[in-house]
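So you can see what is in the structure, the chains are spelled out below.
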Amino acid sequence: AQTVTQSQPEMSVQEAETVTLSCTYDTSESDYYLFWYKQPPSRQMILVIRQEAYKQQNATENRFSVNFQKAAKSFSLKISDSQLGDAAMYFCAYRRGGYSTLTFGKGTMLLVS
Amino acid sequence: NAGVTQTPKFRVLKTGQSMTLLCAQDMNHEYMYWYRQDPGMGLRLIHYSVGEGTTAKGEVPDGYNVSRLKKQNFLLGLESAAPSQTSVYFCASSLNRVYEQYFGPGTRLTVT
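So the protein lines, in turn, are chains A and B. Numbering-wise (the numbering used here), the first sequence opens with residue 372 and increments by one. Numbering-wise (the numbering used here), the second sequence opens with residue 931 and increments by one.
What the hints contain is simulated information worked out from the structure, not anything from laboratory work. Every residue gets a Cβ at the ideal spot worked out from N, C-alpha and C, and that includes glycine. Incorrect hints may appear among the rest.
As the list claims (entries may be wrong) - With the C-beta cut set under 10 Å, the calculated list includes, among others, these residues of chain B facing chain A: (1) G972; (2) R974; (3) F1033.
Said to hold, decoys possible - A few chain B residues that don't get close to chain A, going by computed Cβ distances all over 10 Å: (4) D956; (5) A1012; (6) S1014; (7) Q1015.
The task is simple: from the sequences and hints, build the whole structure.
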């Protein structure tokens, strides 16, 4: 079974600074997708970014980018120019290719001050 | 376009009572999912459906039943609620197995 590990229960960053959230996963598959979801205090789950395993180029969405290290099974999220609105719980998630279900990590709470 | 909606938003049950959570989506999505979120546990898949009339078990299906009689609705039932089912429940939907999942706002359920 696939597992997703987020080893940082909580992270802090100051406004305008950069922060990196870590995620590692375990899979024997070669076709899969990785995601970062944001859950603000409103509880609404919002997709931040996705990465296809077959793509070598790291995904980027405005201030959000990932560092996808396939051999190391690592998928970290970098948030640049942090803003107060970035404060939220962030979840890393894995989806096996050809399947629809997601496996989530336990989350990292990001505090912004 | 409301996206994914969940009814109710909050509910308190006594042990042994039953209830049904309703998830509705207006995006004509084929796939729908029910998750539960517990502190320190992330989201865990309870049941899911790959189309009208179909259901399948997820990671933590015990104590729950589901039905997908209409494409736009996915119901989660608790026949005899237990305190261990105290959680926040999220519904999600996706167009198919390739596209991303869109989540509802969640239902906070407390079983006393």
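Evaluation of the provided hints:
no.	hint	verdict
1	G972	holds, 4 Å
2	R974	holds, 7 Å
3	F1033	holds, 4 Å
4	D956	holds, 17 Å
5	A1012	holds, 23 Å
6	S1014	holds, 18 Å
7	Q1015	holds, 18 Å
Hint compliance for this structure: every hint is met.
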